[in-house]
Amino acid sequence: MSGYLIINRESNKKPLPPKADWAWWYQYYFATERGRLGLAKYTHDFAKLIWQNVSPTWHFDNTTFERTAAAFDNPDWASIVIHNYRWRLGLAKGDPRYDRLEERLAQSPAISLPTITLDGEWDPFTPPGGGASYRSHFTGPYAHRTLKGIGHNVPQEPPKDFAESVVEVDGL
Numbered sequence: 135m136s137g138y139l140i141i142n143r144e145s146n147k148k149p150l151p152p153k154a155d156w157a158w159w160y161q162y163y164f165a166t167e168r169g170r171l172g173l174a175k176y177t178h179d180f181a182k183l184i185w186q187n188v189s190p191t192w193h194f195d196n197t198t199f200e201r202t203a204a205a206f207d208n209p210d211w212a213s214i215v216i217h218n219y220r221w222r223l224g225l226a227k228g229d230p231r232y233d234r235l236e237e238r239l240a241q242s243p244a245i246s247l248p249t250i251t252l253d254g255e256w257d258p259f260t261p262p263g264g265g266a267s268y269r270s271h272f273t274g275p276y277a278h279r280t281l282k283g284i285g286h287n288v289p290q291e292p293p294k295d296f297a298e299s300v301v302e303v304d305g306l
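Residue numbers for the sequence shown, in the numbering used here: 135 to 306.
Careful: at least some of the hints might be erroneous.
As the list claims (entries may be wrong) - Dumping the calculated DSSO-like pairs for lysine-lysine here, alpha-carbon to alpha-carbon at most 27 angstroms:
(1) Lys227 x Lys147
(2) Lys153 x Lys294
(3) Lys294 x Lys282
(4) Lys282 x Lys175
(5) Lys227 x Lys294
(6) Lys227 x Lys175
(7) Lys182 x Lys294
(8) Lys153 x Lys182
As the list claims (entries may be wrong) - Between beta-carbon pairs, the in silico distance windows are:
(9) Pro149 x Thr198: 31 to 41 angstroms
(10) Tyr176 x Gly305: 42 to 52 angstroms
(11) Glu302 x Arg168: 42 to 52 angstroms
(12) Phe206 x Arg168: 13 to 23 angstroms
Everything labelled a hint here was simulated from the structure, so no lab data went into it.
Note that CB positions come from ideal geometry on N, CA and C, so glycine has one too.
From just these sequences and the hints, can you work out the full model?
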C-alpha cells in the first residue's frame, strides 16, 4: 500500500510543495522536545487526530480505534516513533549495524516480485499522478489501484478490497 515506501533520507531534505509538506505537520512537531513530550502525554488523542486527518472520510468507531490503540501501550512506543521521524529527517542517527543496508536501499532498488500498489483517493501522502510514479520501481507483474473514498489507512478502511488485493497478487 502507498506505493514504493523506501525512506530516502537525502530526498527527505528537499521541501515538498506547501500542501504536501502541510500533510506531514506532525513530523516537524516530532522534531521538537515539545512534540516528544506531547506524543508521550497525549498518545491516544494524538493518534485519533492523525487517523481523522489522513483518512477524512473514515468514520471509525471507538472499538476499532481502541483495538489498534492497544499497540501504543508500550513504554517505548513514543520514543520509537519520535526516533523514526527524527531519523527520517536526518535529525537522529540510525543504528550503524544497518548503514550498508540503508545505503543499498537509498539507491531505490527495483522490486521484481509481483506487486499491486494501493492508494486511497483521499490519502494526503499519495504523490501527484495518483501513484503512477511508483511504476518504474517495479519490474515484475504490476497493477495499481486508487481506492475511491478511502484515506491513508487502507487495510482498515476497506478491509475487503485490501484482502482481495493480497490474494490477487499471488496470481500475478
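Hint by hint, here is what the structure shows:
1. Restraint check: the Cα-Cα separation between lysine 227 and lysine 147 comes to about 15 angstroms, which is no more than 27 angstroms; the hinted pair holds.
2. Of the supplied pair hints, the one linking lysine 153 and lysine 294 is violated, its CA atoms being roughly 31 angstroms apart against a limit of 27 angstroms.
3. Under the criterion of a C-alpha separation no larger than 27 angstroms, the hint pairing lysine 294 with lysine 282 is consistent with the structure, at around 14 angstroms.
4. Proposed proximity of lysine 282 and lysine 175 is contradicted: the alpha carbons are some 35 angstroms apart, above 27 angstroms.
5. The suggested pairing of lysine 227 with lysine 294 is violated, with an alpha-carbon distance near 39 angstroms, which exceeds 27 angstroms.
6. Taking the CA atoms of lysine 227 and lysine 175, the gap is about 24 angstroms. The hint holds against a cut of 27 angstroms.
7. The straight-line distance between the Cα atoms of lysine 182 and lysine 294 is roughly 23 angstroms, inside the 27 angstroms bound, and the hint therefore holds.
8. Note on lysine 153 and lysine 182: the hinted pairing holds, with a Cα-Cα distance of about 21 angstroms set against a maximum of 27 angstroms.
9. Distance hint for proline 149 and threonine 198: a CB-CB separation of about 35 angstroms, consistent with the stated range 31 to 41 angstroms.
10. Here the CB-CB span from tyrosine 176 to glycine 305 is close to 44 angstroms, well matched to the stated 42 to 52 angstroms.
11. One distance hint, 42 to 52 angstroms for the beta-carbon pair glutamate 302 and arginine 168, holds here, with the actual separation near 45 angstroms.
12. Evaluation of the 13 to 23 angstroms hint for phenylalanine 206 and arginine 168 yields a pass: the beta carbon distance comes to about 19 angstroms.
In summary, the numbered hints that this structure violates are 2, 4 and 5.
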